[in-house]
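**Student:** Here's the letter readout for the chains.
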Amino acid sequence: METRFLELKNISKSFGRVSALDQVNFFIKGESEIVALIGDNGAGKSTLIKIISGVYTPDSGEIHIRGEKVDRWSVTQARAAGIETVYQDRALVLQQTIARNIFMGRERTGVLGFVKGRLQLAEADRLMRTIGFTSRVFAADSVVAKLSGGERQGVAIARALYFQADLMILDEPTTALSLTESEKVCDFIRRAKEGGTSCIFISHNIYHAYDVAERFVVLDRGKVVLETDRQHTTAEQLVKDMQEIARCNQEGSA
Amino acid sequence: MFIILAAAMVFVVASGEIDLSFGSIVGLAGWAFALTLEAGLSPCLGVLFAVIVGALAGFINGVIVTRLGLSSLVSTLGMGFLIRGLINVGTQGEGTPVTFLRDTPFYNTFIGNIRGFPVHMLWALGFVALSVLLFNYHKFGTRISCVGDNLESSREMGINVATIKTLAFVYVGIASAIVAIQFTLTNQIFYPTIGEGLLMIVLAAVFVGGTPGWGGIGTIMGAALGACIVGVITSGIVAAGISHLFTDFFYGLIMILALMGHKLNEPRYRY
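Chains as they are written, first to last, in this note's numbering: chain A, -7 to 246; chain B, 1474 to 1744.
Next up, chain B with everything else stripped away, as it sits in the complex (with noise of 0.2 angstroms):
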């Protein structure tokens, strides 16, 4: 699932910047869903909703980076805490069960089974290759690497770089509430650390998948190859026969590696 995050991260950090903050924001966008399901909505309506609570908390980060010039590291994280904070307290930690959901066609849209092929893959790959398309093909996608590569060459030749940057924290907004929902769906469950943890994974499949930390180049495919192989390591890790209370340590190295890798390559890249 994380493979939808991993794509839409190559953005913002394409464009110079970064996002910490993604996490809670898959944490917003789910408490959105459950919230019009508690009031006895139409679950479309509750994606709908999440997508726009997603989007509307990527356009605040954009803003708060792109207006105020704050620094996306810094203030991404701090509005991590906060929307997190947020949550808690809105939900008084408590979850909110989504079973009645199960098996419904609404439920088989987002994580069911096409002959034993599962939906969500489906979903992953889809986002992947729009994003592919987005990155590579569109205005947009060519504008991210102009604005990442060089800002005030960007603003010399007429980019709008605080809109492209404010659109590529708003499309890592979208791509939280999708995972948002299908998280919330396969446990069955809102509850409100939701989203915790995928911060190191995600951004471990990033820069393991080829994107360096300079902004201007970026791989949509790479990301979501590094997202397979950063999955992999839970499960490698155990068949290698080490305790899986290692698995944190080796995203931490992987990603340490990754960017060292980046580093050496850098001279090929821009001088």
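For reference, chain A alone in the conformation it holds in the complex (with noise of 0.2 angstroms):
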């Protein structure tokens, strides 16, 4: 078998009485894939993938890089291990420029740890240029919150495209867009598959879901509860199987 890409073994995680994950495993394939994690509001998607981008340390359990175990880790770690995310809350800094919001943590700096300003700006300019951002209503250097929601969620996609990743998480990218721009955004991760990036497309929208990724992980109360792929299912079932599982839930608390 080759190695897997990520491997996350019984990993639990809870916020004080709440036990957000229980004995999760999750991986990602050495090659490029689209998985897609599916599951209710307060399923534990965001907390899983928290824990691989390094934001959350998990409780117990294990995280395996390219076949290796690794300890202590960060958000830094994951970054060098070429995992970016765009989070649900695009993760920006409104009031500072595109530029600024791209290389930020990361800032191309020279002596002194002095920012290299202008290499920022044109490096923001050319990127956004790139992922079809042609507007001239702003530039490298303009404030974030003068863009719209779906032109925020391209500078959030325009940073993880940046560094290069080897796996790019995409924390609910459609939510709060045009349809026009989230076939955008679709568009955008079947052309990073082609390129050689794996996703974790997390959605609400299983229709979004079905679209794009390959793989299909159903979370439900901190626990992975259905795990299928394209071959075996069609978009209708799994709006069936997550039916299903809500049901479920509602006799299981009633």
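Just so you know, these hints were derived from the structure itself, not from any lab.
Owing to the predicted nature of the structure, the values given are computational and were not obtained by experimental measurement.
By construction, the Cβ of each residue, glycine as well, lies at the ideal position given by its N, Cα and C atoms.
A couple of the hints might just be wrong.
[Unchecked claim] Below, a list of computed lysine-lysine pairs in the BS3-like style, where the Cα atoms sit at most 27 angstroms apart:
#1 Lys108/A to Lys1612/B
#2 Lys61/A to Lys21/A
#3 Lys61/A to Lys185/A
#4 Lys215/A to Lys1736/B
#5 Lys108/A to Lys61/A
#6 Lys61/A to Lys1/A
#7 Lys215/A to Lys1612/B
#8 Lys21/A to Lys1/A
#9 Lys1/A to Lys185/A
[What the hints assert, rightly or not] Here chain A is said to cover these stretches of chain B; the calculated rule only asks that three of the stretch's residues, wherever they fall, bring their Cβ under 8 angstroms from a Cβ of chain A:
#10 1602 to 1615
#11 1622 to 1634
Grab the two chains, each in its own frame, and use the hints to assemble them into the complex.
**Tutor:** And the structure:
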């Protein structure tokens, strides 16, 4: 068997008394693949990806990257391993420029830690054009607060793209976006895969997820309840499965 | 002299916090300076000691705010009282004269004259220039703005928010130490109340200068200008024929007006 890019073994995480993840196993294959992570609100999707991206430390369980177990997993380490995350909240700083947002936490610096401002601007400008931001209304030194939801998402994705991820995690990338903007995001994910990048795509919208993903992992209240792939299911079947899970929950709690 | 403090304060305010203890840190650093001199050591060593003490006090402020998670508004207020109390107990309210330093090269380096131009203004200009470089063109200032703008985003992008904020407090501590030495030399005595009364004028300078209170943006040059504006209030009031007793009233008034102005401007920046 080839080495998996990422493997999580028996990951658990709780916040106070609330158990967010309970003995979760998850993996990403070695070659590029798109995995959809589906689940209701509070299912633990965001917690899981924050563990992968190093924001949270799991209470127990192991993380393996390219077959090797890692300790003290952090955001910096995750990035060094080629994992980029586009967070649900976009993780932008609104009062700063596009360039500053793209290089946030990883500024291009010269002597004594001074930022190479012009280089960052030029790079940001080039990047925005590659992903199809050709609007003349804003430039790389525009402030992010002036951008629309879709444009902000674009900045967040451009950032992930710039640092050439091996694995890109997109948390609800299509929420609050118009139809055409969502389509753009899906297109972008497909293109990234062709370029050899794996994706974890998190969505409420099963149809969006079904459109782009090859494998589906359904989380429910901190546990993986269903794993399937495109050959073995249809979008309609997935929706039915999800409804079934929701129904069981209601009966369970009633 | 308080231009130095106003410039440093922009870092803390832009990082989304506030420091109300710097007046007492001025006192603490001044005391450290005085103690070194009393021990018969070189005044240069005194400067070093004062800066270390100032930085350390700032560091403690930073740790309390970032690691213990206390509100900086209340915790630095508490620290201010704590430090001032410590100075009062330690000195028993007695001052330390430093008249023997008058007209020594050391004295002239800090507050002398170069062809009539006061040296302490050069210090202020130098410090402002350094702060502008750090704030606008350095990784440190960039990250300060990001952290003050959105804490969670900064964390997600791998910025160590606790360290960045702590460094901002340390910077104010160092600025306090420089001001403490200049004050002590100007008065030719260290007295335990040194630094009191700075609180209002420094904060007014920051806000009048155009740094809003919500974090994420700030302007060093603005704070320097703000300090000049606030600085002329005292003389301006007298010149306008109003009783000097109105001074505090006007400090407070322009600060409130400045904050109201920022509030009106807020949508332009944030939404």
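**Student:** If a hint holds in the structure, say so; if it does not, say that too.
**Tutor:** These are the hints, each one checked on the structure:
Between the alpha carbons of Lys108/A and Lys1612/B the distance comes to roughly 9 angstroms, so the proposed pair stays at or under 27 angstroms and holds. Restraint check for Lys61/A and Lys21/A: the C-alpha separation of about 16 angstroms stays at or below 27 angstroms, so the hint holds. Restraint check: the Cα-Cα separation between Lys61/A and Lys185/A comes to about 25 angstroms, which is no more than 27 angstroms; the hinted pair holds. As the CA atoms of Lys215/A and Lys1736/B are separated by approximately 46 angstroms, the hinted pair breaks the 27 angstroms bound.
Between Lys108/A and Lys61/A, the direct Cα distance comes to roughly 36 angstroms. Violation of the 27 angstroms bound is thereby established for this hinted pair. For the hint pairing Lys61/A with Lys1/A, the CA-to-CA distance comes to about 10 angstroms; that is within 27 angstroms, so the pair holds. In summary, the hint linking Lys215/A to Lys1612/B is not supported, as the alpha carbons are separated by about 41 angstroms, beyond the 27 angstroms threshold. With a C-alpha separation of about 14 angstroms, the suggested pairing of Lys21/A with Lys1/A holds against the 27 angstroms cut-off.
Pair hint Lys1/A plus Lys185/A holds up; C-alpha atoms about 25 angstroms apart against a cutoff of 27 angstroms. Here the segment 1602 to 1615 of chain B counts 6 residues with a CB under 8 angstroms from a CB of chain A, which clears the bar of 3, and the coverage holds. Residues of the segment 1622 to 1634 of chain B lying with their CB closer than 8 angstroms to a CB of chain A number 10, which satisfies the three-residue condition for coverage.
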